[in-house]
Amino acid sequence: MAEVFCEDRTSRTAVYDDGKVEELSSGQQRGAGIRVIVGDTTGFAHTADLSERGLLEAAASAAAVAKGGGGGVRTIPLEQLRAHSTRARFLPDDVATSEKISLLAQANDAARSEGTSITQVQASFAEGRRRILVASTDGVFASDDQIRTRFNVMCVATGDTGLQTGYESLARTEGFEVFDDADVGELGRIAARRAIAKLSARPAPSGEVPVVLAGGSGGVLFHEACGHGLEADHIVKDSSVYCGQLGQQVASELVTLVDDGTVAGEWGAFAVDDEGRPAQRNVLIENGILTDYMWDYLRARKEGRTSSGNGRRESYQHLPMVRMTNTFLLAGEEDPDEIVAQTPTGVYVAKLGGGQVNTATGDFVFGTNEAYLIENGEITEPLRDANLIGNGPEVLRRIDALGTDFSMMPGTCGKDGQSVPVGCGQPTLRISGVTFGGTSS
Amino acid sequence: MSELLEIADRIVERSGSGERLEAYVARGVETDVRVYEGAIETLSTATSAGVGIRVLLDGLDGARAGFAWAGSLEGEAIDRALRSARENASFATPDPMVALAVPDDVPPASVEVSDPEFSTFSIDDKIAMALEAERLARSSDVRIRQVDSADYGDTSVAFAIASSTGIRASADRTAAYLSVSAIAGDADETQTGSGLSVGRGPGSLDPAHAAAQAIERSARMLGATKVASTKTVVVFDPRVTSTLLGVIAGALSGEAVVKGRSFFEGRLGEQVAVPSFTLVDDPTNPRAFGAARFDGEGLACRANTLIGDGVLEGFVYDTVAANRAGTSSTGSAVRGGFAGTPGAGCRAVVLGAGTMTPDEVLANVGSGVYVQSITGVHSGVSPVSGDFSVGAEGLVIRDGELAEPFREVTVASTLQRMLQSIMAVGSDVTWLPGVAAGQTLAIGDFQLSGS
Chain A
1 MAEVFCEDRT
11 SRTAVYDDGK
21 VEELSSGQQR
31 GAGIRVIVGD
41 TTGFAHTADL
51 SERGLLEAAA
61 SAAAVAKGGG
71 GGVRTIPLEQ
81 LRAHSTRARF
91 LPDDVATSEK
101 ISLLAQANDA
111 ARSEGTSITQ
121 VQASFAEGRR
131 RILVASTDGV
141 FASDDQIRTR
151 FNVMCVATGD
161 TGLQTGYESL
171 ARTEGFEVFD
181 DADVGELGRI
191 AARRAIAKLS
201 ARPAPSGEVP
211 VVLAGGSGGV
221 LFHEACGHGL
231 EADHIVKDSS
241 VYCGQLGQQV
251 ASELVTLVDD
261 GTVAGEWGAF
271 AVDDEGRPAQ
281 RNVLIENGIL
291 TDYMWDYLRA
301 RKEGRTSSGN
311 GRRESYQHLP
321 MVRMTNTFLL
331 AGEEDPDEIV
341 AQTPTGVYVA
351 KLGGGQVNTA
361 TGDFVFGTNE
371 AYLIENGEIT
381 EPLRDANLIG
391 NGPEVLRRID
401 ALGTDFSMMP
411 GTCGKDGQSV
421 PVGCGQPTLR
431 ISGVTFGGTS
441 S
Chain B
1 MSELLEIADR
11 IVERSGSGER
21 LEAYVARGVE
31 TDVRVYEGAI
41 ETLSTATSAG
51 VGIRVLLDGL
61 DGARAGFAWA
71 GSLEGEAIDR
81 ALRSARENAS
91 FATPDPMVAL
101 AVPDDVPPAS
111 VEVSDPEFST
121 FSIDDKIAMA
131 LEAERLARSS
141 DVRIRQVDSA
151 DYGDTSVAFA
161 IASSTGIRAS
171 ADRTAAYLSV
181 SAIAGDADET
191 QTGSGLSVGR
201 GPGSLDPAHA
211 AAQAIERSAR
221 MLGATKVAST
231 KTVVVFDPRV
241 TSTLLGVIAG
251 ALSGEAVVKG
261 RSFFEGRLGE
271 QVAVPSFTLV
281 DDPTNPRAFG
291 AARFDGEGLA
301 CRANTLIGDG
311 VLEGFVYDTV
321 AANRAGTSST
331 GSAVRGGFAG
341 TPGAGCRAVV
351 LGAGTMTPDE
361 VLANVGSGVY
371 VQSITGVHSG
381 VSPVSGDFSV
391 GAEGLVIRDG
401 ELAEPFREVT
411 VASTLQRMLQ
421 SIMAVGSDVT
431 WLPGVAAGQT
441 LAIGDFQLSG
451 S
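For the record, the sequence lines run as chains A and B. The first sequence: position 232 = 232 (our numbering), numbered continuously. The second sequence: position 449 = 449 (our numbering), numbered continuously.
These are computed hints drawn from the structure, not numbers from a lab. Hints may contain errors.
Claimed, not checked - Per label pair, the in silico range of CB-to-CB distance:
| id | chain 1 | residue 1 | chain 2 | residue 2 | range |
| --- | --- | --- | --- | --- | --- |
| 1 | B | 223 | A | 338 | 39 to 45 Å |
| 2 | B | 139 | A | 278 | 40 to 46 Å |
| 3 | B | 303 | A | 53 | 44 to 50 Å |
| 4 | B | 189 | A | 83 | 19 to 25 Å |
| 5 | A | 78 | B | 75 | 31 to 37 Å |
| 6 | B | 119 | A | 186 | 54 to 60 Å |
| 7 | B | 260 | A | 381 | 41 to 47 Å |
| 8 | A | 416 | B | 287 | 24 to 30 Å |
| 9 | B | 30 | A | 90 | 35 to 41 Å |
| 10 | B | 139 | A | 416 | 21 to 27 Å |
| 11 | A | 186 | B | 60 | 52 to 58 Å |
Note that CB positions come from ideal geometry on N, CA and C, so glycine has one too.
One chain only, chain B, in its complex shape (with noise of 0.2 Å):
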């Protein structure tokens, strides 16, 4: 039994009547490596651990919630949560619809998410890595000026969660990334580009990935201009399609759904897609980035298809979310760390993969533009109206293959009008960091906003 759910169970053990009470306990350790002109520029290693507790106080006309955590496992800063869980409780809104997730029968799925390797790797290990992506993208091109950043990073996180409604659980996941940041052209010239490489542990990492897709995405930019306003077909770059998915994914928590806050409420069964448009958030497969055994209650992960041949035919629950709607958890519930409180959302959301390479994609579209980046999805593109407005670079596509660049553009359109003109999906399925894959798509009837 491992000592985080030791803990937590400590705590639940002192749940007295009247009242349900849910112990989430979590431990991380991080390393952080930035290195710059062939030195280490910063080089951070911690460990935090803390914990969240919810407290539900029963009455006739349904439970009071409340929540408080602490950034310590030390007995008296628990002991401090635990008390300001139960007084914050004593002051919410009875709601019948408030509950602590119960076991239900789904058997976790067998994820392995912890690379075993992964304390094989000194701490040299991880700044040479970091400072061979530098290396190679500085000295690779001569197009690139200047690599303004080159990180490594890593994390090895636990968490253990235990309720008096007999939920009991644990796990662990490790992650590594490195990522480098490049800037091509000549003193008059400024064109960026960023090269990535992610997976469970160092040993999956590829320096040379990373810098020559830094290198490739800030040389290419080369020459952009702003191009003129038009209407035009997007062909969306993996990464890009993994930030548009995770707004979708947004607007499909059951949580959004049953506060009306998302443009899904009230489509369940539509047509809200094209007919080949299959959307399924799946934990349980083991390439996933956000792949896990359990989820933020301690229920076992599954798989939900949420939009299946263009229909909407569910969203993700939490046990709250699910009992508003009168559903059951789908095993659903996230949450930000022991001091958040679990809300519903999706982990590791996929579309089918499609028949066509990239290349292909291009070719099918014919013209249009194609989109390397975008910038104010906080801004800019709402889960609620579905409003998609988001600042754009990338290249320009003509007969079919890319030319030349553009920046400085926006393109527009509305999440509802973007799921009815998906044009292609590319076979290119990559997972990222995030709760979405990555692959090439090409959408149409989008404003482009330039000079």
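Okay, chain A solo, but in the shape it has when bound (with noise of 0.2 Å):
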């Protein structure tokens, strides 16, 4: 199989920090990369050079590690473009930049209007817009135009006890209008108030307790526990603790765990995959039972099916693999105050941050950045961030309450060097014990 993968990307941020426009930035970048693989070998090679002396160029690069090919030329039919258009509303390129320092500017005065304690303030903004266009010698001929957003406040507060920090973000797979609806002055706040309820924090527990996760405090706990260790890339390797357990009850039966690609405006979202396959929605785990896992086309071509459509890179200059898209916990039937209600005593996380798995042992960690203790069932002490650690398998058997709410988080997911932008997503859930790593035992 030879592919053809081109990219042209543009980018721009702005960032507002210590209440001055500090660094306007801007990029472009355009090339392709070539893959050519031939049995369980793959070359590939990339170049910035799209001249057809440049591309001839990068192609017999990739193909120089398939040696003793047959030669001589193949004419491959490919179908129709399957060309997307994005679904972006408002080109943020359109915006003038004005506009966006105005959002930053009324980000920054709401994180300060929470107090004197906030004595540093960076709220940035960046968009990008990445033109992708795949074919290859198996008929693909697809095309892609996805446009990202994003909105970050970081706050630093300043008391007694040191310096704390807050951060909130808003990111998704749309324009300009993403802003129509959000209000900016709102994640400013939301970022301060972080910052200043830690300044008051006691020590993180150390050892085992019961922790609810709140709905959308980040669903990184899944993303850790299980998404990396159902990419097929380590189960074909025997390098993840989900090897061989299809069928088998993986999680307590609360648990139904989607990938999906499609969800229109999600930060993980897409119309088709970095090898051209469309997005789509995948059950990884249906009630507590592993149906399947996340494929490529590599790893799927090996065991004779098709790709899920979680073949992903970063750019042009990095070779597709398996990744995770928009990774969500289905909710439940319980309200979410009645979990914390009947939690005698443990621990709320309001916000997580991010997290690491070692996929063939199932060990994770994910870290907080917003939590308090439960006490008598109901929410009180702000605590200090700390990780928490568990074993995949043996945490996702411990969910003992699942919520009705819902909400979606962005995030960056980083393998093997590359980065992704991905959603992850949960309802309000209760994990029966889980080992936090504080200081305070």
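Combine both chains into one complex, guided by the hints.
Written as structure tokens, this is what we have:
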């Protein structure tokens, strides 16, 4: 199989820091990545030179690894181009820079109005447009036009106990219309309140405790606890704790987990993946039973099946691999407030940070950005940030309550040095016991 | 004169009146080989090049800065980047502290970070090294069930920087690495460990070392369990220490400090660590992985003492952060390639070498835990608040020696307390990729969270 992946990418960021428009930056990049697969070997080369000569040189370089190839010329009938245009209604590129700056100033002012303990505010805006075209000797011929818009606020609060930080972000696979319904001032206020609350926080607990995760607090739990372990590249190499578990109970029966690249506007959404496959909805775990893994072209071919639309790459300079899109747990039937009320003691996590997993052992960590003690079924004192640690299958079996609420959060997922935008979502849920990595014994 | 410097010069020549201009031009060649079960799984080779342009528009209230980059060195792409940088600058807030670097009198150190033999290695030589590392990892120890990846990678990059304020610099560097990731255990158990060999070129790589390290680190984890929560001393493996010092180096960035985003803010001259603790950022040390002649603004890199005998002595600065702090650049501008603007950061941080061998450190500690790898640094360590909580695995230390393995626990403290609780520093300085050297390091007063 031979494949050409062309990409044209533009980006713009504006940073409002310490009350000033400090940095405005824009960039453009265009090039092609050429992949040649012979047997189990992949040759890859990329070039920013899109002339015929540049492309042929890259192709020769990619094909060099396929020694002993038959040679000759093969004519491949391509599908009719499946072209996808963006659904963005307002291209950020068409919006005046002054308008973007006024949003940043608005978020800054709102954050600072939360109190004099807010000593630093950084608000940033980023827009990106990524146009891709994929053609392969399998006949694939598809294009996509992806527009993403992001707004972040980071605050530092200063008090007797030192410095604390609070973040909030909004990120959608949409154009400037994302700000039609969003209140950037509220993003600033949330970030500021998070930082301020932690000034009076006590050290997080050490040891196993029941944990309630708020709806949309990050969803990174599933991303790490099983998402990565369900990527087929780990499965075919026996380097996932979920190897050979198809059809088995791998989670509490409350758990139905979906990866879905089609959810319009979500941060991990697209029309076609970076191998030209349409995005699709894949149920990974249904009522606790493992139903399928996630696949890209290469791993699917090995198993004689089709890709699940999970072949993604950071840019034309990278090889595609199995990646998540928008990964979320479906909502349950309990009142979120009741879940807290029925937890005598524990920790309530309102906002999660990032995480990391060892897919082979299943051990994973995820961090908190806003958490509180639960005492007598009520949310009480704020806690300082810490990581939680658990083993994927074990933690998934301990999910014993699921709320009716649901929301998604954007994130950036890193794997083998490549970063891609992903979405994570979940309802309010409780884990009956997980190890909290604080300092308070 | 290098071709890249010529390109940078030509861009700078276009600066108009009332503006200052800086061009950073870079080109890199990269090879990556991954092998699996004795065959090539992927082989990638590629060249990339680009330019980053900063424009400062001068005004009465200070300068306005704009930046733009392009992943190409073609005339049209450069033209567009210059246009965008100027346009971006027109929207920035005037700021008297914003400036480009101006040449100072510090001469660059004569550090050689390019391997002259680099280009003499063929792609087949490189493939052979990856295959050899994988073969050794698979065949040397029956406890190894799987080698899920064995990678060879190298880069050769060159950059040039020129500005209308008189900066002109160019440099190149090469690097190569081998890494092996192994899985130990029978069907009922899985433990992982990785091995690494790094150098300036393929000739300094050692496949046997990378394989042996992957085997040792995964096989010694067999039988690992979650241990009980306790207060404990932690001895960090050199690789972990390198990560840890990297975080502390981030908090010593003058940029983070002037922006109030470092727990070191306002503590200059104070005893922030035990008296035996000395931390220096020295990119002029040719052995340092991050050694360099020029910083990201084209000034000479120099040695900067950050913490001396436990006292906070200074921070690292680029030009703008230095202006804000009322001092001058320490030659510490770093940038993430042509698409990034410069910021202040360390390149080659190292603790003063201790007098104890790693075994002596263990003996000295007596009981505690030896941590061979950590996870969740991004989510659990804050250079702003100093909060520190990471996932950890390694071996229990009993009677001054390594004993049974553990995993799935966290170790937590604060960076402030850790610096005041250092018990022993190993003599085993190892330069690793990243901004800091690794060495065995014992720190007391951690809370371990487990079962």
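Unsatisfied constraints (hint numbers, rising): 4, 7 and 11
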